[in-house]
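Here is what each chain is made of, one letter per residue.
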Amino acid sequence: MARKTYLQALNDAMRQEMERDPSVFILGEDVGKFGGCFGVTQGLFDQFGERRVRDTPISESAIVGAAAGAASAGLRPIAELMFVDFIGVAMDQLFNQAAKMRFMFGGKAKVPMVLRMPQGAGVNAAAQHSQSLEAWFMHIPGIKVCIPSTPADAKGLLVSAIRDDNPVVFLEHKLLYGIEGEVDDDLYEIPLGSGRVVREGSDVTIVATALMVHRALEAAEILAKDGISVEIVDPRTLVPLDKECILTSGRKTHALVVVQEAVKTAGAGAEIAAMVAEEAIEYLDAPIVRLGAPFCPVPFSPPLEQAYMPSVDKIVEAVRNQR
Amino acid sequence: MMQTDKTVLLDMFRTMNKIRFFESEVQKFFAAGQIPGFVHLYLGEEAVATGVCAALGKSDMITSTHRGHGHCLAKGGDLNLMMAEIFGRLDGYCKGKGGSMHIADFNIGILGANGIVGGGGPLSVGAALSCQYKGNKDVAVCFFGDGASNQGTTQESLNLASAWKLPLVFVNENNGYAISLAQRKAMAVTDIADRAAAYDMPGVVVDGNDVLAVYEAAQQAVERAREGQGPSLIECKTYRWRGHFEGDACVYRSEEELAEWKAKDPIPRFARQLVDREVATQAELDAITNEVAEAVAAAVRFAEQSPYPSEEHLVEDVYA
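Chains L and V supply the protein sequences, listed in that same order. Residues are numbered in the numbering used here as their position in the first sequence, beginning at 1, plus a constant of 50. Residues are numbered in the numbering used here as their position in the second sequence, beginning at 1, plus a constant of 398.
Errors might be hidden in some of the hints.
Stated by the list, open to error - No more than 25 Å apart at the CA atoms, straight line, and that leaves these computed lysine to aspartate or glutamate pairs for DMTMM-like:
(1) V/456 <-> V/614
(2) L/158 <-> V/715
(3) V/532 <-> L/105
Unchecked claim - From the derived model, a few chain L residues whose C-beta atoms are all more than 12 Å from chain V:
(4) 67
(5) 104
(6) 105
(7) 149
(8) 167
(9) 238
(10) 290
(11) 372
Keep in mind that the hints were calculated from the coordinates and are not lab data. Every residue gets a Cβ at the ideal spot worked out from N, C-alpha and C, and that includes glycine.
For reference, chain L alone in the conformation it holds in the complex:
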């Protein structure tokens, strides 16, 4: 165990997997000597060379499609897009090609690729570099979706993603790259589809992902002073979704608040809220509350961006109002 940042944990996962498995390689824009837009691949080029850490031209369709083609031909590519927002120009290669090959071809294809993409607001990067798009990927059968919130989860989920035989979209939050936590030095897997109870409580369940897990934890401290005991569940992967982890918590606390950074409309939180309503509504003592961004693009100006993102105060208020 050692204290590592989320970024170092991701870097370790890739390095150790590449040491273990020669079919794993990295491709993307500026992932080589430059070390990646946010520095996640730093040092890997020096260790593995340009054959396995491949700088690409600014051609996102070719990056995603080359990863899918190489994966279907037996390699295990890790592709990086600089920002999740750039998936728009490459979406066909992900959702029509990589995601559907196995089904369309009657179960013959295996597409073991990982597509790493930073997402999230909070760095004043404006509308085309700040979105949270996890719901897009959840809607397409054939893709798995990871959205880690801690360094330890980031490493274990990325190892599992690399070893998985399906296309895995791996969403990293930009504001989390610098956070620290205890991370095992050895390789370990966190099974995709296993949620985690981040904090135990008895009065209300908050389901949150990525940055929102940390804001929910802060909110829980404030609410504890009011005598409200908050349980926090981080599903860690949205596809597959650990329904039982969420339902077990909801049945215990009898109240559910779902927090996401993405636009609230048609988001991951809507899916989670609907799932709980379908499967455990009789356990709930209050209407389910969803928190998310308003239905507008991510703004640039710092005060506007702060207003856009669900804050600790908004989470506290939502829990209080629910009661």
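Starting from the known structure of chain L, fit chain V onto it as the hints suggest.
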């Protein structure tokens, strides 16, 4: 031609006929309402897939298109499994889940037909990258149409393949029309092969109705790729006899134009060459034709006898 082994030449003749009979049967059974969905036939373009795939080995890989039956057959695809798939049956290549536009056989390097125009380019880059990465001397071929040549994905793929010197052969099947849009209205260049210059790779134009010309160009490009000299672009000028899809009224082209191209039918043309140069007798060719016709008829029976997939198969195969 004299240098090419007789077996190879007769295999090419067999493949062209296989495609011709196969597509003719698909046309017939689609018209009769026995094939669901929609189909894009390869009739008239047989020399392209045949000439290219004759230059490939089993472990070489191809990406195909919505008009993919010919590519799959030429790469060695199984008649029965293909026909059953197109009929939507359980015994088809993809258990009936893919249909005409999504046939794949990874054991013989068919990485899949594709319903998205220009969709195969980036995948072929990945396939070629896997060959280079493994250092196994295999190559990949990307079949794409004149329509796909205007997709950004195709241009990205040409560029990346060239930048990385990948063992990849881009085979453009220029049949003159992107659905209804004539090539001259879609691009300023006359020869799509000219675009190869932009990526510093060889670009050649061949008569796509001359199987030997296609074969020769493919051999050169494949050899170049195997030797690590990078990708090439071959433009095969050809014509589709049928519409974009079965049921297309073809209001955008004339009967005269179709007749001109039918006169350039690649199959009798190749047969004449084989007989004139005494590679084979007409009787030998007839025997091949009959044998193929029987095999295709048997494939139709196989397809008709295969059951439809049942609901229990519906959500299988989404994930590995």
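Against the structure, the hints come out as follows:
no.: 1; hint: V/456 <-> V/614; result: holds, 18 Å
no.: 2; hint: L/158 <-> V/715; result: holds, 8 Å
no.: 3; hint: V/532 <-> L/105; result: holds, 18 Å
no.: 4; hint: 67; result: holds, 16 Å
no.: 5; hint: 104; result: violated, 8 Å
no.: 6; hint: 105; result: violated, 10 Å
no.: 7; hint: 149; result: violated, 9 Å
no.: 8; hint: 167; result: holds, 17 Å
no.: 9; hint: 238; result: holds, 22 Å
no.: 10; hint: 290; result: violated, 9 Å
no.: 11; hint: 372; result: holds, 36 Å
The structure does not agree with the numbered hints 5, 6, 7, 10 stated previously, though it agrees with the rest.
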